[in-house]
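Novice: Here is what each chain is made of, one letter per residue.
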Amino acid sequence: MNKDRKNEITSNTNPLLTTTRRRLLAFGASAGALAWAGPKTGWIASAEAATPPSKPTGQAVIGLSQEPTVFLPLLAHIEVDEGVYFNLFSALWRVDEKGAFQPDLVAEVPTVENGGISADGLQWHLKLSPKAKWHDGTPFTADDVKFNIELIQNPKFLAGRRAGIDLIEDVKVVNPTEVTFKLKKAYAPLPSILSWTFLVPKHLLEKASDINKPEDFLAHPVGTGAFKWVERVPGDHITLTASDSYHGTGPYLEKLIFKYVPELTVLYTQFQTGDVDYVGIQGITPDHYDEAKTLADRHVTPVPQPFIENIAFNLGKPVFQDPAVREALYLAMDKQSVIEQIYYGLPSQTESFLPKQSWAFNADLPKHAYDPEKAKKLLDDAGWKPGGDGVREKSGVRLEFTNSTTAGNHVREQAQQLLQQNWADIGAKMSIQNFPPAVMWGENWTNSKFDSAMVGIDFMVGPDPDATQYFASTGIPAKGGGGDNTTQYANADVDKLLAEGASTVDVAKRKAAYLKMQELTRKDLPYLPIFQYAMVQGVKGKLEGFTPNVNVQENCWNACTWYWAS
Amino acid sequence: MPTASALAQPAVAVKIGSGAWRRFCRHRLALFGVAAILLMVLASIVGPSLIPFDSLKIDIRHRFAPPPFEGHLFGTDQLGRDLLVRLLMAGRISLSIGFAAMTVSTAFGTLIGVAAGYYGGAVRVALMRFVDAMLCFPQIFLLLVLAAFIQPNVVTLTLIIAASSWMEVARVVEGQVRSLRERDFILAAEMLGASGRYVMFRELLPNAIGPIIVAATLTVARAILLEAYVSFLGYGIQPPMASWGNMLNNAQQYLGSAPWLAIFPGLMITLAVSSFNFVGDGLRDALDARFDLN
Amino acid sequence: MANFLLGRLLQSLVLLLIVSVIGFAVLHLAPGGPLAQFALIPGLTKEDLARMAHEMGLDRPLPMQYWEWLTRLLGGDWGHSYRDNRPVLDVITGRLPATLELMGAAILISVLAGAWIGVMGAIRRYSIFDMLATIGAMVALSIPTFWFGLIVIYIFSVHLGWLPPGNRTTVGGDGSFLDYLHHLIAPAAVLALVEVAIWSRYIRASMLDVVNQDYIRTARAKGLPERTVLWHHALRNALLPMIALAGVEIPTLLGGALVAETVFTWPGMGRLLLDSLGYRDYPVVMGILMFSAVLALLGNLLADLFAAVADPRVRLA
Numbered sequence: 066m067n068k069d070r071k072n073e074i075t076s077n078t079n080p081l082l083t084t085t086r087r088r089l090l091a092f093g094a095s096a097g098a099l100a101w102a103g104p105k106t107g108w109i110a111s112a113e114a115a116t117p118p119s120k121p122t123g124q125a126v127i128g129l130s131q132e133p134t135v136f137l138p139l140l141a142h143i144e145v146d147e148g149v150y151f152n153l154f155s156a157l158w159r160v161d162e163k164g165a166f167q168p169d170l171v172a173e174v175p176t177v178e179n180g181g182i183s184a185d186g187l188q189w190h191l192k193l194s195p196k197a198k199w200h201d202g203t204p205f206t207a208d209d210v211k212f213n214i215e216l217i218q219n220p221k222f223l224a225g226r227r228a229g230i231d232l233i234e235d236v237k238v239v240n241p242t243e244v245t246f247k248l249k250k251a252y253a254p255l256p257s258i259l260s261w262t263f264l265v266p267k268h269l270l271e272k273a274s275d276i277n278k279p280e281d282f283l284a285h286p287v288g289t290g291a292f293k294w295v296e297r298v299p300g301d302h303i304t305l306t307a308s309d310s311y312h313g314t315g316p317y318l319e320k321l322i323f324k325y326v327p328e329l330t331v332l333y334t335q336f337q338t339g340d341v342d343y344v345g346i347q348g349i350t351p352d353h354y355d356e357a358k359t360l361a362d363r364h365v366t367p368v369p370q371p372f373i374e375n376i377a378f379n380l381g382k383p384v385f386q387d388p389a390v391r392e393a394l395y396l397a398m399d400k401q402s403v404i405e406q407i408y409y410g411l412p413s414q415t416e417s418f419l420p421k422q423s424w425a426f427n428a429d430l431p432k433h434a435y436d437p438e439k440a441k442k443l444l445d446d447a448g449w450k451p452g453g454d455g456v457r458e459k460s461g462v463r464l465e466f467t468n469s470t471t472a473g474n475h476v477r478e479q480a481q482q483l484l485q486q487n488w489a490d491i492g493a494k495m496s497i498q499n500f501p502p503a504v505m506w507g508e509n510w511t512n513s514k515f516d517s518a519m520v521g522i523d524f525m526v527g528p529d530p531d532a533t534q535y536f537a538s539t540g541i542p543a544k545g546g547g548g549d550n551t552t553q554y555a556n557a558d559v560d561k562l563l564a565e566g567a568s569t570v571d572v573a574k575r576k577a578a579y580l581k582m583q584e585l586t587r588k589d590l591p592y593l594p595i596f597q598y599a600m601v602q603g604v605k606g607k608l609e610g611f612t613p614n615v616n617v618q619e620n621c622w623n624a625c626t627w628y629w630a631s
Numbered sequence: 439m440p441t442a443s444a445l446a447q448p449a450v451a452v453k454i455g456s457g458a459w460r461r462f463c464r465h466r467l468a469l470f471g472v473a474a475i476l477l478m479v480l481a482s483i484v485g486p487s488l489i490p491f492d493s494l495k496i497d498i499r500h501r502f503a504p505p506p507f508e509g510h511l512f513g514t515d516q517l518g519r520d521l522l523v524r525l526l527m528a529g530r531i532s533l534s535i536g537f538a539a540m541t542v543s544t545a546f547g548t549l550i551g552v553a554a555g556y557y558g559g560a561v562r563v564a565l566m567r568f569v570d571a572m573l574c575f576p577q578i579f580l581l582l583v584l585a586a587f588i589q590p591n592v593v594t595l596t597l598i599i600a601a602s603s604w605m606e607v608a609r610v611v612e613g614q615v616r617s618l619r620e621r622d623f624i625l626a627a628e629m630l631g632a633s634g635r636y637v638m639f640r641e642l643l644p645n646a647i648g649p650i651i652v653a654a655t656l657t658v659a660r661a662i663l664l665e666a667y668v669s670f671l672g673y674g675i676q677p678p679m680a681s682w683g684n685m686l687n688n689a690q691q692y693l694g695s696a697p698w699l700a701i702f703p704g705l706m707i708t709l710a711v712s713s714f715n716f717v718g719d720g721l722r723d724a725l726d727a728r729f730d731l732n
Numbered sequence: 042m043a044n045f046l047l048g049r050l051l052q053s054l055v056l057l058l059i060v061s062v063i064g065f066a067v068l069h070l071a072p073g074g075p076l077a078q079f080a081l082i083p084g085l086t087k088e089d090l091a092r093m094a095h096e097m098g099l100d101r102p103l104p105m106q107y108w109e110w111l112t113r114l115l116g117g118d119w120g121h122s123y124r125d126n127r128p129v130l131d132v133i134t135g136r137l138p139a140t141l142e143l144m145g146a147a148i149l150i151s152v153l154a155g156a157w158i159g160v161m162g163a164i165r166r167y168s169i170f171d172m173l174a175t176i177g178a179m180v181a182l183s184i185p186t187f188w189f190g191l192i193v194i195y196i197f198s199v200h201l202g203w204l205p206p207g208n209r210t211t212v213g214g215d216g217s218f219l220d221y222l223h224h225l226i227a228p229a230a231v232l233a234l235v236e237v238a239i240w241s242r243y244i245r246a247s248m249l250d251v252v253n254q255d256y257i258r259t260a261r262a263k264g265l266p267e268r269t270v271l272w273h274h275a276l277r278n279a280l281l282p283m284i285a286l287a288g289v290e291i292p293t294l295l296g297g298a299l300v301a302e303t304v305f306t307w308p309g310m311g312r313l314l315l316d317s318l319g320y321r322d323y324p325v326v327m328g329i330l331m332f333s334a335v336l337a338l339l340g341n342l343l344a345d346l347f348a349a350v351a352d353p354r355v356r357l358a
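Chains as they are written, first to last, in the working numbering: chain X, 66 to 631; chain Z, 439 to 732; chain E, 42 to 358.
Chain X extracted, bound-state conformation:
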């Protein structure tokens, strides 16, 4: 039963407005686990079909290298927290592994075709699932939806993401299962944003004295997900147990335990010894892949992730303002060795900032080739002449810069050292200057104080390829912008294409704009694309139902349909 997953995902479906009636995640039972058999073979269904138990049985221990700590999902949080949200809470709809939206708290995902969204994209009408209940037995209603939207818009609330939701106005509760609202302007990524907006109960939070610290709720969060809260032992683990009133499919496990193991090596050891059933977040480190594959009774498979590994240039620095320098550095980069040797051939080389699985991915970009001679010639022609110590310079600017990333990321540090040697070969002096995360990604990154950085970024908004915040010239924080354009990249054509892509709901038009835009960023190279990440996922042999999903950041997204094969 070979499945060509690549075609499935990049086939021109309409992920924005399509919906299927198929119950969410029903595939978990029939298809078994998918396994990546290498770049040539593609995805194959590995496990024999097994059937889930009739009532929740057993437990799965999910090992995480970071600790989930934020249990009010609308607050600012990090990726690891979402693994808990997917199981404890529900959003209006979810995005499945093919990039399609599946109803969760709604009875059907609103589209232009079914009348849920007006043709201009401004009027929305949501029909909610009548079966959904909070874990304390209170029914989930339209009032809850209204409460959540207003909470995110409340200026006193420390909401993490607000983009898109701040365009919503005029929220009206029609009846307990229907709610309508308007948008100030059409905004294509909104459905994607709502797919990661996990809703919280009005009846428990409206009376909280301090909405940023509702202590009772944080100590015992109540959601609508497949699992309900049992306990948290801070610094150690979180236990959830099967909800008996879940509105969707599953759960099949009786207990779900999120175990915090701060060291990746130790986490791997615990997976080896069997203490941990599934390795989440960063997965198994690439250097352990070969060894892990040989473990008995474990499925160890690389799964693609939306993160793209880049060298980000700070274009505010004079040395990077010459396009010839960026081009030459790209040519002199021994990508092959980085991917094959340092990352053990796991990630896939890319030229784009979008993952290959995105419907907007441009597969026809010029291919990178490692060619130091061509790089030297390019620099010679552009007037960068070697100085006394072999480092090139041009009109007083030396081809010398620092490269920074999170200190302690050993694999990345190896790649940095290889690039250092590559670039020294063409007369560019790069020195390594790494920082602990709170320093690296603080002012240093957000206000463009770095020279160049090695960074893995998910440029998308969930499954939506809108990358306005990273590429629009209006979003340069160092120049007072509100986005994440820390490379200070400014290209008027890119700005225009991004605006086009975000303001129409016509997918064909969006795709055309994004394809063109990828050509421009490939040419301008504000980021040198290295590869698209693949995470080595470790799952215990008999744990069925795990499905990788490049559209979410946490692969525990479907734990409600996991089960132990008997």
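Just so you know, these hints were derived from the structure itself, not from any lab. Treat the hints with care, since some could be wrong.
With the Cβ distance kept under 10 Å, some of the chain X side facing chain Z (calculated, not the full set) [to be verified]:
{"no.": "1", "residue": "F282"}
{"no.": "2", "residue": "D352"}
{"no.": "3", "residue": "Q406"}
{"no.": "4", "residue": "I407"}
{"no.": "5", "residue": "I497"}
Think of the CB as a built atom: it goes at the ideal place given N, C-alpha and C, for glycine as much as any other residue.
For this one, chain X is given, so just place chains Z and E on it according to the hints.
Specialist: Just chains Z and E now, kept in the frame of chain X:
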């Protein structure tokens, strides 16, 4: 954080003489320590030029070659660099940091200690309360927070390690000076009209030199350990330069597949730190006047 | 006595104030901030970060932030963790039992092993055993704790499979006492290594002092068996001053616990400090800092008090 100085009991001040030298030579461990230190220093200085490999040259196709491999006596590391030459280059860095941090912290601690012990009164209270306050910080906390301010390199690392380890020297010196202060020869010097600075540095300091030397030796040991800790927690010397600490830090994840990467630097740290501790112990015994009474 | 106590307490309060000012200033002036962790989260923009920084009051002048922190602390409010939104005191006390358990086990091991090695060393002074113990103690003090921990994991967990590689209990296990004990062995032994070295040296020295005292000679002269004399009379008296050592050793032990907890993924205070420093969770870091400062001062005070009570020659001044 293990503190070797926990063993450092302040010795009674004596003038260093031939007796002390004789006693030190009887201390076999201390002699071993001196020999090991000399050997390590020598190897770090001369060794790299004798080995036909460059410590920075990456050979990506020969990663993780187990020792011995085609002339790589200790094997190669995660980027195919010769491990032995890196160990020796790392020795330069780690030992330099150890000696430099010792010099800075001993100088500063001595200054504070002498000033506090000599002037007494409000100066003493202010200085020693400051010392007490600094000692209230968990050392690793001080190190990590200070490390956040700096670009880690040999100089800045030396300074932050010194900044977090001068307090004990200050305490030892203050105690010594305070007890010497009331001795006859100091009172005599003062009565003869010697200036404060003269008394402090010409009379008090030479008489307190024994405990200072002991504390300084133990500080080298501790500074080498601290460098390893700071690197282990990811705030240390930046690649591609090697220090024993960051080699260990990088080797941690290959403990199962390439254990030699972790074993060699760990052994080097243990050897270096033990040697300095042995020497410190020998010096303490040698400079301790009570020893003669037994 | 009362005057002495009052004076020391006042001194300690002044010290705590100095510690808090230095700690607060250094921590907040260090580059980076609590919002850095969100910088790469998709969908979260610089604008969102600026809005949050303002709501959290991080954009106000530092002295104002310190004053607010201090006045709240004096009112018993340690603030809320930025990272998980719970009161700082809950966060810290939640982690305390794990650390105390580890420290307790380590102290037990170090006192027992340290006493044995120390006494044997004192009895057979300059014997092979004594020399080996001396060398062993020096080497133990020189081994990087984290390296030793990794080697223990490598040998006993990965290779032999005798001990779990980390954690406090088996995840999702029955939580039995034996399970606890099984997990405790390796981290407690690693943490105890340094302490055994320190204790054995001090007990040896203390024993040597005691065996030359008159009452020991008297006991021997009375014809008591050597064993009774040593283990009963001498050791008891040699151990008394060690209680003061326990007080002084608390900060060292806490520092060691931090490293052992990191290597063995032990959910205690040390790891909390490391995580909180990493996230720049200022309220929690300040909480732990004040907590360990109080502990260190208390240990010192108790050590001095004990020394005074045990030895009337020590004048309380």
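Novice: Regarding the hint that I497(X) lies at the interface with chain Z, is the smallest CB-CB distance below 10 Å?
Specialist: 5 Å, holds
Novice: Minimum Cβ distance from F282(X) to chain Z below 10 Å?
Specialist: 33 Å, violated
Novice: Answer holds if the nearest beta-carbon of chain Z is closer than 10 Å to that of I407(X); otherwise answer violated.
Specialist: 8 Å, holds
Novice: Hint check: is the beta carbon of Q406(X) less than 10 Å from a beta carbon of chain Z?
Specialist: Q406(X) check passes; min Cβ-Cβ to chain Z is 5 Å, inside 10 Å.
Novice: With a cut-off of 10 Å, does the beta carbon of D352(X) approach a beta carbon of chain Z closely enough for the hint to hold?
Specialist: 6 Å, holds
Of the numbered hints listed earlier, the single one contradicted by the structure is hint 1.
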